[in-house]
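Enquirer: Each protein sequence line maps, in turn, to chains B and E.
Heads up, the first sequence is in the numbering used here, so the first residue is -5 and it goes up one at a time.
Heads up, the second sequence is in the numbering used here, so the first residue is 466 and it goes up one at a time.
For the record, the hints were derived by calculation from the structure and aren't laboratory data.
Think of the CB as a built atom: it goes at the ideal place given N, C-alpha and C, for glycine as much as any other residue.
Do not rely on the hints blindly, as some may be mistaken.
Taking CB as the label site, the calculated pair distances span [as the list claims (entries may be wrong)]:
#, chain 1, residue 1, chain 2, residue 2, range
1, B, D13, E, K672, 50 to 56 Å
2, B, I5, E, D599, 50 to 56 Å
3, B, D11, E, R781, 43 to 49 Å
Simulated crosslink set (DSS-like; lysine-lysine; CA at most 27 Å straight-line) [as the list claims (entries may be wrong)]:
#, chain 1, residue 1, chain 2, residue 2
4, B, K89, E, K471
5, B, K249, B, K167
6, E, K672, B, K40
7, B, K89, E, K672
8, B, K92, E, K672
9, E, K688, B, K65
10, B, K200, E, K672
Partial chain E-side listing against chain B, Cβ under 7 Å, derived [stated by the list, open to error]:
#, residue
11, D493
12, E527
13, G528
14, S531
15, N534
16, A538
17, S542
18, Q564
19, G680
20, G682
21, W800
22, E815
The residues making up each chain are set out below.
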Amino acid sequence: MMVKKKKLSKIFDYFRDEDPFAGGISICSGCPMELLLRFMSKVLGKDIIIVGTPSCSAIVLYGQNIGSWHKLSYYGCLMTGVASSATGITRYYRKIGKDVTVVCFTGDGCAADVGFQPLSGAAERNENFIYICYDNEGYMNTGVQRSSTTPFGAKTSTTPIGVARRGNETTGKNLPFIIAMHKVSYAATATLSHLEDLAKKLIKAKEKKNEGFAYIHVFSPCPTGWGFPMDLSIEVCRMAVRTNYFPLWEAERGKFRLTHKIKKSRPLKDLVRMIRKFSHLTDEEMGMLEKEVHERYRLIEGVTQMMPLKETP
Amino acid sequence: MNMKYKGEMRTITGNAAAAYGAMLCRPDVVALYPITPQTEVVEQLSRFSADGLLDAEMVEVEGENSAMNIVAAAAISGGRVFTASSSWGLAFMYDALLQTSGFRAPVVMVNVNREMPGILAVSTGQQDMIGTRDVGWIQIIAEDCQEILDLVIMAYRLAEDFDIQVPVMVNYDGFYLSYLSEGVNIPAREEVDVFLAPLKEQPERPKLVPGGPLGCGTHGIEKGFVELRYKHCAAMERAKNKFDEIDRLFGESFERSYGGQIEEYYMEDAEIALLASGSASGTVKKVIDSKRKHGLKIGLVKLRMFRPFPSERLSRAFRGKKAIGVIDRSICFGWDCGPIYMELRALSSEIGLIPMMSFIDGLANMDISIVHIERMIDSVYAASQGKPYQRVNWVILEE
Ligand SMILES: Cc1ncc(C[n+]2csc(CCOP(=O)(O)OP(=O)(O)O)c2C)c(N)n1
Ligand code: SF4
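Use the sequences and the hints to build the structure in full.
Expert: Dropping the structure here:
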């Protein structure tokens, strides 16, 4: 009897190795960062060295005492020393003539704030490693505080809503753009609703890291800290792309390309209404958030026209 | 390829001596950031690299914190590494210094001692070294330019020894030694290779390899942590005798040795003694020479290793003396005295209840002058004769 095989999704073609993580690991249910960690490891392969920091991801990467939740080679360092530690590892392996894939895996709090100096330094020197920042728009591991990528108006535990103050007062850093402007070999944005786009970017980063610095900024919403049901994580990712809140692009040495152009963008309200950290926004505040999102999109659209990156076949 | 280097006698600064020392040891990764009075080390190593004498990955970092993280990670990957800094640079590495020792990364660094706090206190002083005494590093101190070069070479033998695997900080006085030119016997590269060769015969230390199972920084808590902490302490203890042994072996190879953890100068028959460290020790020796001519039985112990503290050898050296004076080029905040003095006091029960005097001198580029030292000796002598004495003396302010 013929058994009709179910056709696997194309995404499986991108996997090099099996998932190196244990089944039950201590990350909140529905956290896209966990998915990213597993996905990244499968696409990049098991012969990588991960460099990470205290953060939500550390809980899993570090393990506990002598136990480990994964089979990867891991260098756990301080929030201040990720990109520099990765530099040390790659430089040593370069010295002895051995190809190695070093992957920094940190939150936005490390990348945009306390670990920014070494990140910028490594980007400027175009060091040969990959840096993946999962952006959950805040310090989640310490209990949802604001970071410098927290968007305007967002409620966090350090930007609470009261009579005197109403959420985050700044518009936040455009970190992936800042890194791309270091003219690194590769910089890209990605998220977990667009897995093929993410997989291609991971593979490209692995290639490009031979020429220099490769950076991927992954939008990684946090059900626990932002306030949305855990089964909506991927929907939030998708909506962030559709509203142009988080455009998907890539850049090589200062030349830019949108990798997933939105023909007709959805109104930002469709995203904002899914997330409790924005639930207090007045129309005026909403307008300010919209203005920032719009400006950022115009910026990236502008540079893709001014400094276009040709699509590689 | 590191180009051949024959070795020669040259007049060079302390900073250049440090750079030569590092270059001769063939580090794989060097990460440096300039700061007065260390800058010349950075420039000199960059020059060596440009001239083909140093075949290392040179990282011109954007700050000292990164320099330390880079060399620590490169060391954990299996490399030999070098960095250098001073004062605020050392302070800016503080978290990374702790991480490095916690990882037992065999990093060798040079710290050119500079005064702090006080941003404009661009001057010598050991406060930077003192501020990092509890970060789990081995700290050793040089007296002159030759000793700087020699200590850098010995530091690799110590840090990378399989039984030790603790980072080593080589200290020398900024300004007084960093910019002082002296005749230095620079060994040939092959001689240094031979001296460091036994490290290659030791078991391989654990390394970070792609796909390998090593996880670093994963101490976790509770028992796993305590075990690693205990082993680190034990390695620090072992470093004392190991340093004596390395010093002896160095003497066999290069015909220069210094006494290991401490150098004893006329201590055998001394009735009173001084404890000093760094460049001032040379001046103290001169004064002792002349005092001895006048029949005063005085000796000097030069502290060469500050961490781990050479408690056994110090106790032995000072036992039976009638009075001791300790010269500190830094102060112990929260106590009223110098830090080396305070640590020596912890050995009171081994040494005996004799007068011990703290002399705070040489802060912020003030000379620890012959006149000062003579005054110190006079008061230590008076104390040894049962006269009343002042326990803590700010020598500079007494003028
Ligand atoms: C130097 C330093 N400061 C503060 C902390 C405390 N801390 C631990 S995790 C964390 C937040 C990390 O935020 P992020 O990098 O965005 O990762 P996330 O927690 O969001 O996964 C902070 C501030 C630390 N570990 N090190
Ligand atoms: S707090 Fe947020 S980012 Fe952290 S593990 Fe939970 S869902 Fe993920």
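Enquirer: Now tell me, hint by hint, if it's right for this structure.
Expert: Hints and how they fare:
1. Judged by the Cβ atoms, the range 50 to 56 Å given for D13(B) and K672(E) is violated: they are separated by roughly 25 Å.
2. Between I5(B) and D599(E) the Cβ separation comes to about 51 Å, which falls inside the hinted range of 50 to 56 Å.
3. With their beta carbons about 60 Å apart, D11(B) and R781(E) fall outside the hinted range of 43 to 49 Å.
4. Between K89(B) and K471(E) the alpha-carbon distance is near 24 Å, which keeps this suggested pair within the 27 Å criterion.
5. For the given pair, K249(B) sits about 20 Å from K167(B) by alpha-carbon distance, which is consistent with the 27 Å threshold.
6. For the hint pairing K672(E) with K40(B), the CA-to-CA distance comes to about 17 Å; that is within 27 Å, so the pair holds.
7. This hinted pair checks out: K89(B) and K672(E) have alpha carbons roughly 15 Å apart, not beyond 27 Å.
8. In summary, the hint linking K92(B) to K672(E) is supported, as the alpha carbons are separated by about 14 Å, within the 27 Å threshold.
9. Among the hinted pairs, K688(E) with K65(B) is consistent with the structure: their alpha-carbon atoms are about 22 Å apart, no more than 27 Å.
10. At most 27 Å may separate the alpha-carbon atoms for a hinted pair to count; K200(B) and K672(E) meet this at roughly 23 Å.
11. Evaluation of the D493(E) hint against chain B yields a held restraint, the C-beta minimum of about 5 Å falling below 7 Å.
12. Nearest Cβ of chain B to the Cβ of E527(E): about 3 Å, under the 7 Å cut. The hint holds.
13. Below 7 Å, beta-carbon pairs count as interface contacts, and G528(E) has one with chain B at about 6 Å; its hint therefore holds.
14. For the restraint placing S531(E) at the interface with chain B, the shortest Cβ-Cβ distance is roughly 4 Å, inside the 7 Å limit, so the hint holds.
15. Restraint check, N534(E) versus chain B: the minimum CB separation of about 4 Å is within 7 Å; hint holds.
16. Here the hint on A538(E) is kept, as its CB sits about 3 Å from the closest CB of chain B, short of 7 Å.
17. Taking 7 Å as the C-beta contact cut-off toward chain B, the hint placing S542(E) at the interface holds, the least distance being around 4 Å.
18. Nearest Cβ of chain B to the Cβ of Q564(E): about 6 Å, under the 7 Å cut. The hint holds.
19. Given hint, G680(E) at the interface with chain B, holds; its Cβ is 4 Å from that chain's nearest Cβ, closer than 7 Å.
20. At about 3 Å, the closest approach between the beta carbon of G682(E) and any beta carbon in chain B falls short of 7 Å, and the interface hint on this residue holds.
21. A distance limit of 7 Å between C-beta atoms decides the matter here; for W800(E) the minimum to chain B is near 30 Å, and the interface restraint is violated.
22. Hint status for E815(E) relative to chain B: violated, with the closest Cβ pair at about 38 Å, above 7 Å.
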